[in-house]
Amino acid sequence: MSANFLYTIEVILNGLMAGVMYSLVALGFVLIFKASGIFNYAQGVMALFAAMTLVGIQQGQVPFAHLINAAFGTKIHHFGWTVPALMAILLTLVVMILFAILVERIVLKHLVNQEPIILFMATIGLAYFMEGMGDLMWGSELKTLDIGLPSGGSLWLEEATVGWGAEGSGFYGLFIDKLDIVATGVALALVISLTLFSQYTKTGRALRAVADDHQAALSVGISLRKIWVIVWAIAGFVAMVAGIMWGAKSGVQFSLSLIALKALPVLILGGFTSIPGAIIGGLIIGVGEKLFEFSIGPMIGGATENWFAYVLALVFLIFRPQGLFGDKIIERV
Amino acid sequence: MTTTQSNSAQVSKSVISGRASAAIQPGEELLRVENVSLAFGGVKALTDISFDIKKGEVRAIIGPNGAGKSSMLNVINGFYHPQEGEVWFCGKKRRSLKPHQIAHQGIARTFQNIALFKGMSTLDNIMTGRFTHMRTNLLMQAIWRGAAEREEIENRQVAEEIIDFLEIQAIRKTPVGRLPYGLQKRVELGRALAAQPDLLLLDEPMAGMNIEEKEDMSRFILDVNDEFGTTIALIEHDMGVVMDISDRVVVLDYGKKIGDGTPTEVRSNQAVVDAYLGVAHD
Amino acid sequence: MFYRQAGDFKTTYREDIHTFPLRQDRIGYYILLAFAFLVVPFIINDYWASAVLLPFLIMSIAALGLNVLTGYCGQVSLGTAGFMAVGAYSCYKLMTAFPELSIIIVVLTSGVITALVGLLFGIPSLRIKGFYLAVATLAAQFFLVWLFNKVPWFYNNSASGQISAPVRDIAGVMVTGPEAQAWAKYLFCLVLVVVLAWLTRNLTRGRIGRSWMAIRDMDIAAEIIGVNPLKTKLSAFGVSSFLIGVSGALYFSVYLGAVEVGEVFGIQKSFLVLFMIIIGGLGSIFGSFAGAAFLVLMPVLLKNIMVAGLGWPTDIAAHIEFVIVGGLIIFFLIVEPHGLAQLWRLTKEKLLLWPFPH
Amino acid sequence: MKLAKLATIGAALAVASSVVSTAAVADLVFPSLSYRTGPYAVNGIPFADGYADYMTLVNERDGGIGGVKIKLIECETGYNTEKGVECYESTKGEGSLVYQPLSTGITYQLIPKATADGIPVHSMGYGRTSAANGKIFSHIFNYPANYWNGASLAINHILAENGDDIKGKKIALVYHNSAYGKEPIRTLEELAKKHGYTFTGIPVDHPGQEQKSQWLQIRRERPDYVLMWGWGVMNQVAIQEAANIRYPMDQFIGIWWSGSENDVLPTGDKANGYKALTFHGTGSDFPVYADIQKHVVDAGKAAGNGDQVGTVLYSRGMYAAMLAVEAARTAQEIHGATELTPAQMRDGMEALEMTEAKMAALGLPGFGPEFSVSCDNHGGPGLGAVQQWDAAAKKWTMVSDFGPSDMEVIQALIDEDSSAFAAENKIEERKCG
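Respectively, the protein sequence lines represent chains A, B, C and D.
Heads up, the first sequence is in this note's numbering, so the first residue is 1 and it goes up one at a time.
Heads up, the second sequence is in this note's numbering, so the first residue is 1001 and it goes up one at a time.
Heads up, the third sequence is in this note's numbering, so the first residue is 2001 and it goes up one at a time.
Heads up, the fourth sequence is in this note's numbering, so the first residue is 3001 and it goes up one at a time.
These are calculated hints, taken from the structure and not from any lab test.
Just so it is clear, the structure is predicted and the values come from calculations on it, not from any experiment.
Under the rule of at most 30 Å between Cα atoms (straight-line distance), these lysine-lysine pairs were calculated in the DSBU-like manner:
#1 D/LYS3358 / D/LYS3069
#2 A/LYS75 / D/LYS3294
#3 C/LYS2150 / D/LYS3193
#4 C/LYS2093 / D/LYS3135
If we strip away everything but chain A, and leave its shape as in the complex, we get (with noise of 0.2 Å):
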């Protein structure tokens, strides 16, 4: 085979596994959409608070040392502990859903049938209050993301198809980060755990309901708050997933509240309301994005997935205005 072929099979991979990647921010941002008609700006933001949540537990720093190190004169940091990785995801865990009640008690409790531009805005706020919260409590130096995910190509597959370039044509074979397997793996099974607990269990069930007719679930006897409060911990599950795939190539600082930017296109694309549309839009960006950096790029200067990403769901909108699985939007007179 000639190496152009197999690079372009190469970029297509490893588009693929970068829209894995996406997914899982993206899926955060569907979640809660379908349950509450919130578009989430502050699951960027969710992400990096968990992630840096999770360090600082497994460290055993001390929240909020550097304002109680300002305001006593103290020399605080660490407890001078730390906690097993899977302990730490499970403190952070209750964090996150601690936060979720938080939040659906301060926040949106009072912001029930608002339309949705204002509590779009309330997660604005949240997303700022967050943002500044987040450094109070663990500070915001650099901070190294370890809980044993492997990392590095895969050894195993370019041994194995290095023999497919042509002689002299000096192709390495297949390149794929181990890292990026693990979250696909990571994103079936969150993507198969969301089905089935919605499938099958009681609360699933009604959320679903909440997802399909408020007004209805309602009048059923679901309490809205509740479904909240688990969607928005949810959300913050997904959000810490997000934020620990990410945060484990650039360590956990400020920068990884910016991955939404990469969901949003994904989420035009896959429909706000569908969670395999999150999945697939994002296989669609990923391989997208990269395919064209790796054809026309190089001619127009390169650094085009940035924007390359949303003309793609651009041109996608222009036909199908609802995104790929959206709710079909009805025009009634």
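Fit chains B, C and D to the given chain A structure using the hints.
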């Protein structure tokens, strides 16, 4: 009710008079649909419908739920384009036009579910109804002094006359979202009237009203028709009202025309009676 | 008690459609204008100009522009900063290509160029609605920033890739460049702000403004009344982009003087302008100003109180600033979801009735 | 209620304005436009700590400069241009002697503003490269090295490793797709003509969390060397991706803003061997650290947690402070005054001379290159070194001396760019000497 009479008398005829139909005499044909068929996907909404609307009459379209009444109105005001058939307006065959172009030809309508501009006041809603009569361009609007202001004031006078006519002076500056249902319906009628249409389409103008409100609304409809000679086509469920106020009635069922004529004729039509009594179609 | 509607009768429609129907409002407005024009220029210093007033005035224009599109016409856009960049780069190219051209003409032409670009990106709005459109406008944002960064022609092939504003004057008074006096820059922006706000106000109260709002509130009904959706949406995109372009041009030439597109006109700025109009009040001229004031002044104020006033460490103050701004946004939304403008209206309504609440 | 609110706001504004107007004359004022928050806080914190700690040290140990205490005013910019302008305006009235803008965007803001206000700016290893031409940029200094020096230093390092022959070699540049990242391209292209290597530029869009395409391209094309002009999260991801594709780390060379502990730590052991340019020493082995420990950290006067002491960016902040202090000392000597004005400070910076003896006396032997500033050269000689990451020891080690860059090529570029700037802004060239 007496106030209605006296108020309506104040409205000058020139205010709500026709324009494109000036050449057409009352009693002559204003609009005609010819063999109109409309389908969504495979579902037939209208099949081979033909009828006419004469200038100056109140024409009712009735039929059971799902008969295709709203679809018919949507065809007339250009929201749907029929796959087959023609629409003739003012003696000319109409090309496939967009709804906003049709509005400029002089057709206005109200909606089954109130379609007011919720963020705007009563006055602004009615002023928006004057849209087709306003001409000043963006630049003139931006500068305001001069042409735009003059135009605004002229049209404001018309809008105020309609407000007086419909007795909604007190809610002039209230955001329509805060108004009760009956008043919203009235404002919507006002907005449609503001366009000074040749043909006014009313989609269930009395749905959800109590008897008193229905009486009010019937009076307004008749007044509009009497005083200004506005041609009206309306959809209504309340048979009593329809028979009282309309000159001629078209009856649709399952997208087909099953009756056409004066209220008395229609009432004695067996097919119509069957449709309303729910006789099985076979 | 002193704020009264009573006795303030209108006898003509012309009076009734006045911007400030209440005489007291009108007087307050004139006093404010007089203060802004006659007093502020004499007491302004570099700090007030550069840190507070210039960003406030210029961002107000941008907020005004976005409010036309989003608040009045209902088309949510996240491409604001991209369009500001169009204004800024048009301004730069015009300033360097035609050094003799008056800065006023340059700034306004930049607005016109931006309006044309805005029209282009407004076309998809006919099919795409709501949040989908918002995210679609991000395509404009990212593409424009990429373009200005990538094509050297836009920054005259300078090695640094930055654009910097040459010195320009109006009747001998410098308004751009480092030597320009604070008062001159301030007055230049103030005049533009007042004129543009007045024009926008006129647009929003007449035929065009009502057609925008009609499209916003119920596009189908609007169409059946005779409003052409494409024309109306495009006119909103055009007017909005014009204002945003002017603000971008001023942001570059008068306020910053040197700009790197990715940093100054990044996606964060787009969000910031959107926040301004939502906090200030959608579909309100006053709201555009209130929102810009809130988001420009509040951080400066908080910082000055915490760092200079209370002597807290700068980083803790910065974090707390985020917490407070975020908290305030949520607080205001809970108190009054429709923004500061509505809060202001309700306060006035209460004042009108005070001290007799019923 | 409303009045009370207004009153509060009014009072607060009054506080704000009064803060601005109070100017202390008795101290030597050094503003620090730090960024301890925002997307680049990770890098801003150690720099700000180093800058502040050294100033504190001079105050505590020596009682200030020439007996006059230093007053450090920290102002948070969040690496944001608008906030930087606010910081500049709020501190310039307090007698600020020299600005370290610490961001490309803010530097470009301050070049005309500070020049007009007569306050010198020291953009050390960043900002506008052609500001090295002192004849045109009277108040801007960017000694001891700039980006174009950096590009040349990297090529020189490659030359040295290959016996001065790199004809036909492939060198790629992974750069932040911004004005900053594009800085070295021109120089690298010029040098490619001279040395006969092929050059490829690979841009990464901000913020740079996703670099698959770029690194797959590198994996395909296998350049002999990869240079990097990265910033923030882009650095960490690039180094991680380079490790993933098993790119030889010792052929991967970053600019000094891509060469801190923060950039390599997330990648762990696999980052071993990664190189970065530098224009100052690093590590805690210098005598000055004993003083900092004693007078600053132990005295509880450290600016941050104290956990950044000895890191690369802390060292850079400290180095910047040291150069500022030495320039102030020089200014005091020239003008025979202890209290300084910004104009005098500028003269001091222009006459600054760093010798090995001077650095040794300060407890920083061999910490930076020897250099001197002059009226027409504000950029110094452009000396720099290469450091390499030792992942096992978790520290950077110097692998070269402070060597020269190719000033022949660079000076031509500087002259060209600065005269273009002068023409566009109608600046007359100063007469020097």
